[in-house]
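Asks: Using the sequences and the hints given, assemble the complete structure.
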Amino acid sequence: MNSAVIVFPGSNCDRDLAVALEQVTGRKPAMVWHKDGELPDGIDFIGVPGGFSYGDYLRSGAMAARSPVMSAVKDAAARGVPVIGICNGFQVLTEAGLLPGALMRNAGLSFVCRPVPLRVENSQTLFTAQYNAGEEITLPVAHHDGNYQADEATLDRLEGEGRVAFRYLDEVNGSARSIAGILNDAGNVLGLMPHPERVIEAAHGGTDGRRLFEGLLETVAP
Amino acid sequence: MKARVFITLKNGVLDPQGKAIHHALEGLGFAGVNDVRAGKMIELDLANGTSDGDIEDMCRKLLANTVIENFRIERLENA
Chain D
1 MNSAVIVFPG
11 SNCDRDLAVA
21 LEQVTGRKPA
31 MVWHKDGELP
41 DGIDFIGVPG
51 GFSYGDYLRS
61 GAMAARSPVM
71 SAVKDAAARG
81 VPVIGICNGF
91 QVLTEAGLLP
101 GALMRNAGLS
111 FVCRPVPLRV
121 ENSQTLFTAQ
131 YNAGEEITLP
141 VAHHDGNYQA
151 DEATLDRLEG
161 EGRVAFRYLD
171 EVNGSARSIA
181 GILNDAGNVL
191 GLMPHPERVI
201 EAAHGGTDGR
211 RLFEGLLETV
221 AP
Chain Y
1001 MKARVFITLK
1011 NGVLDPQGKA
1021 IHHALEGLGF
1031 AGVNDVRAGK
1041 MIELDLANGT
1051 SDGDIEDMCR
1061 KLLANTVIEN
1071 FRIERLENA
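Keeping their order, the protein sequence lines are chains D and Y. 1 is the number of the first residue of the first sequence in our numbering; add one for each residue after it. 1001 is the number of the first residue of the second sequence in our numbering; add one for each residue after it.
Hints in this document: simulated from the structure, not taken from any laboratory. Hints are all accurate, no fakes.
Listed next, with one range per pair, are the computed distances between beta-carbon atoms:
no., chain 1, residue 1, chain 2, residue 2, range
1, Y, I1021, D, A78, 40 to 48 Å
2, Y, A1024, D, E214, 44 to 52 Å
3, D, A203, Y, A1024, 39 to 47 Å
Covered by chain D, according to a simulated footprint, are these stretches of chain Y (three or more residues, beta-carbon under 8 Å):
no., segment
4, 1012-1020
5, 1064-1072
Quick reminder that beta carbons are idealized off the backbone N, C-alpha and C, glycines included.
Replies: This is how it looks when you write it as structure tokens:
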């Protein structure tokens, strides 16, 4: 599996994501600078990493979502290439219109940084094939703007179509219906606030994130 | 020519920041504040002849997230 990691000014989880992808796939991902208008040929997977792109100015992810590389990411997503947006990457994907809704300031106004329990709501996706439906896992979060909001009709559609991939089991940030991660309607774009790339080996204190990448590898390049 | 863009949260969208400001005002003893909503104002210095349509485009494409925000444009003709 050939992957690409998009790098914006202010990204800070790009290297963690690259390490996770290299460990699981055996290949170094291409690190693609945001000003590049194109992705390398033959990319099977795109990761939009966490961080504070453009210093979170204006709105989290707003400027990054309009950077040149995002046109190429949108084209690839439309062709069915799997795309994951983690934390700031989730914010970028909503701002880019690849995922519905918006991520607002945490309801408690504080930056939240801790491992949180989650439920895998849908195990029949490109990204969750190695989890069991309803399984409880623990992933770390580290964000200030993780409060997922969308109108009621959008939330109902996400629930009805099995597009809520992960849900918080505790109160974390005020997200509507405790949503931690969602899919686009085609199922090939996932955005989530928790960081699977930070828990891929025992030394990290957990390995619950590793199966996301292993499942992806299995479904994308069996 | 200058224009000001006022960006506000849509009705019904929770505003944790506004709530915190409200709480702080009450803490200072200001009674009778029913609600607080926080937004932002962006001042643009524009070439003469920039059309309303261009400014609206800027708002829709970047300045406001129309999923959660409304915007209002105010031109300052003599600025």
